[in-house]
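Undergrad: Protein chains in written order, with the working numbering: chain A, 8 to 539; chain B, 11 to 159.
In silico lysine to aspartate or glutamate, EDC-like type, Cα no more than 16 Å apart, as pairs:
id : chain 1 : residue 1 : chain 2 : residue 2
1  : A       : Lys497    : A       : Asp13
2  : A       : Lys438    : A       : Asp343
3  : B       : Lys40     : B       : Asp116
4  : B       : Lys40     : A       : Asp382
5  : A       : Lys177    : B       : Asp146
6  : A       : Lys177    : A       : Glu324
7  : A       : Lys116    : A       : Asp343
8  : A       : Lys177    : A       : Glu449
9  : A       : Lys389    : B       : Glu38
10 : A       : Lys61     : A       : Glu50
11 : A       : Lys61     : B       : Asp52
12 : B       : Lys40     : B       : Asp117
13 : A       : Lys483    : A       : Asp297
14 : B       : Lys40     : A       : Glu381
15 : A       : Lys531    : A       : Glu489
16 : A       : Lys323    : A       : Asp458
17 : B       : Lys149    : A       : Glu340
18 : A       : Lys34     : A       : Asp528
19 : A       : Lys177    : B       : Asp141
20 : A       : Lys262    : A       : Glu77
The hints are simulated quantities; they were obtained by calculation from the structure and are not laboratory data.
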Amino acid sequence: MKDPVDVLIIGAGASGAAVAWSLAETKMHILCLEQGGWMNPAEYPSTGRDWEAKFYGEWSSSPNVRGRPEDYPINDDNSPIKVVNYNAVGGSTVMYTAHWPRLHPSDFKVKTLDGVADDWPIDYDALTPFFEENDRMMGTSGLSGDPLSPLTHPPMPQQPMGLSGAIIGKAMNTLGWHWWPSDTTVATMDYEGRARCINLGHCTPACAQGAKSSTDITYWPHAVRAGVELRTHCRVREITTDENGMATGVVYYDKDGVEQFQPAHVVIIACNGVGTPRLLLNSKSDRFPDGLANSSGLVGKNLMFHPYAQIYGYVKEPTDSNRAPPTCLWSKEWYDTDLSRGFVRGYGVQFVRGAGPVFEAVVSEQKGILPWGEDHHRVFRKLNGHRLGFSAICEDLPEEHNQVTLDPVLTDSHGIPAPKINYTISENSQKMMDHALARGREVLEMAGATDICVNSPIPWGGWHLLGTARMGTDPKRSVVNEWGRTHDVKNLFIVDGSIFVTSGGVNPTSTIQALALYIADQMKQRLANLFD
Amino acid sequence: MSESVQLTRAQRDDLRTVAGMIVPASEEYKVPSADDGAIQADILATLGRDTRLVTAALDHLARLAGQPLAELDAARRDAVAQEFRKSGGAAAATLVRVVLQCYYRDDRVLRSLGLELRAPFPKGYVLPDGDWSLLDPVKARGGTLRRAT
Numbered sequence: 008m009k010d011p012v013d014v015l016i017i018g019a020g021a022s023g024a025a026v027a028w029s030l031a032e033t034k035m036h037i038l039c040l041e042q043g044g045w046m047n048p049a050e051y052p053s054t055g056r057d058w059e060a061k062f063y064g065e066w067s068s069s070p071n072v073r074g075r076p077e078d079y080p081i082n083d084d085n086s087p088i089k090v091v092n093y094n095a096v097g098g099s100t101v102m103y104t105a106h107w108p109r110l111h112p113s114d115f116k117v118k119t120l121d122g123v124a125d126d127w128p129i130d131y132d133a134l135t136p137f138f139e140e141n142d143r144m145m146g147t148s149g150l151s152g153d154p155l156s157p158l159t160h161p162p163m164p165q166q167p168m169g170l171s172g173a174i175i176g177k178a179m180n181t182l183g184w185h186w187w188p189s190d191t192t193v194a195t196m197d198y199e200g201r202a203r204c205i206n207l208g209h210c211t212p213a214c215a216q217g218a219k220s221s222t223d224i225t226y227w228p229h230a231v232r233a234g235v236e237l238r239t240h241c242r243v244r245e246i247t248t249d250e251n252g253m254a255t256g257v258v259y260y261d262k263d264g265v266e267q268f269q270p271a272h273v274v275i276i277a278c279n280g281v282g283t284p285r286l287l288l289n290s291k292s293d294r295f296p297d298g299l300a301n302s303s304g305l306v307g308k309n310l311m312f313h314p315y316a317q318i319y320g321y322v323k324e325p326t327d328s329n330r331a332p333p334t335c336l337w338s339k340e341w342y343d344t345d346l347s348r349g350f351v352r353g354y355g356v357q358f359v360r361g362a363g364p365v366f367e368a369v370v371s372e373q374k375g376i377l378p379w380g381e382d383h384h385r386v387f388r389k390l391n392g393h394r395l396g397f398s399a400i401c402e403d404l405p406e407e408h409n410q411v412t413l414d415p416v417l418t419d420s421h422g423i424p425a426p427k428i429n430y431t432i433s434e435n436s437q438k439m440m441d442h443a444l445a446r447g448r449e450v451l452e453m454a455g456a457t458d459i460c461v462n463s464p465i466p467w468g469g470w471h472l473l474g475t476a477r478m479g480t481d482p483k484r485s486v487v488n489e490w491g492r493t494h495d496v497k498n499l500f501i502v503d504g505s506i507f508v509t510s511g512g513v514n515p516t517s518t519i520q521a522l523a524l525y526i527a528d529q530m531k532q533r534l535a536n537l538f539d
Numbered sequence: 011m012s013e014s015v016q017l018t019r020a021q022r023d024d025l026r027t028v029a030g031m032i033v034p035a036s037e038e039y040k041v042p043s044a045d046d047g048a049i050q051a052d053i054l055a056t057l058g059r060d061t062r063l064v065t066a067a068l069d070h071l072a073r074l075a076g077q078p079l080a081e082l083d084a085a086r087r088d089a090v091a092q093e094f095r096k097s098g099g100a101a102a103a104t105l106v107r108v109v110l111q112c113y114y115r116d117d118r119v120l121r122s123l124g125l126e127l128r129a130p131f132p133k134g135y136v137l138p139d140g141d142w143s144l145l146d147p148v149k150a151r152g153g154t155l156r157r158a159t
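Turn these sequences into a full structure, and let the hints guide you.
TA: Structure representation (structure tokens):
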């Protein structure tokens, strides 16, 4: 039998890395189990001529397409939005756009302000110091002073505007609408051992330069140096409990596929809004017949994705194509509730600079704007290198029927039941998406774009996995308390996006990590009576 | 052994024919057709995980054509191609995608498009910083963040 550890963290992605680093100063024995391995930047797509083709296979954002041994399958047939993620040290920060907005203060009080969903049990101010700390650790770039966003202090200047940004900025100015350079986790200067961005372009599927922040190159080196043990290629099957209802450790499969038991005094789950409910639901026992920490019946429910409404078109001037990070500007013009629009809450916008030639050809052929035959070449030259995009990140409100359950048949390579997604887009979200598409069309037309195309929702756009183990003060209406401890199991914590009460209308990783640091801080303050 | 050997001679012939229909050669742009030998070799060598769907697409194409695609007259071939794209689903989309992804990495094609023949890393690209005075109207307009209470 292995020696017990003080703290066992499951998952080495965005939140697992942050909580590991923060707790390391306690000098406790901290172990993290990660189902993936360390990444090798020499193998990242941008190092090869076939970089775009890899997105359709081994570097697909969909675990079902990638099918790497580190991935687990997800049955998302009953969802118009497919789950995308990455499983490795760094998790989905290896494969993300590095767009770095925070939730707004108003996002924590949606019930009070707009009479929908629930308020969070904490407010923005509680997270402020952890947002700042996380921005320093992840290394952000941006321009402080956006009048419609929370105040940030990025340690590096914003990304260049580029050709695409200038076209968008002019169009937005003509329309009198808000825009601002995005905060990103792309290093615009050398920073903490990371080299500055050299515009490899398609930085979503990992950055060979190391300019894009991912926790394998930010938090983890610090955490490991501080004594945290990180065990890779270890997939946790279930969390075990004793007769007192306390977590005792986990059963996992090691890199050789051998079943192991790792005892622990505290267990922290950091597996994202799909992986976390899957693990809890797979951790059934006589004492917890409906899954662990599920006395509320809410584990897996209230899944929120952020439906993306995307519209794009083609301008006469050249755009940045694939020769820049994909996102550069955001808009918060439609972020807050305005009931005259016909829906409650709102959406953020991220503008997209362009696409590479293979992606352009494949997608345009599928959309029917790039013909077969003689006219193919003329049309392709009109499209390629001229694309501009407008993507609205629509706030998804919690609905219990949107949920993660266990698939009765599908399993991963270790025989562990896979997650199954049931999800529909609400009427409110649909109205929001339609509104966004109409505004996006105005922007694109003002920029002179033609051949306008729509993806609404973006089908493979389930990046943001939120709400399936929500935070709250009422054990009947939430899974974890206001500092991340499960109501039912007093030595079990959750620190990932599943604890979100509502989703806001922005990319959530910054807020996920700030929450993880906040929970770690709460744990450190309560070490003497953590289980009371 | 490469999975591409699973394609029969007849399937390879149909693949070459349909690829040529998707992207024909152009003297104006000085580019080959997607039925070019080097591009076809690239497709077959890199089919990999797409082999199953491409094979299914070619089976569908063969059923629609009833004979080798190249042997149909032009009008019938076009009609078959249109039906193939319309009814072929994910398999047809995959076939088209593998043709395009190999075509648009061919040196001759990239040269015609004015693109450099290299991987993005390590050289990267230069991005103009732009004129940030464009933000002045946004700053002047200002705004306030919605209060949480």
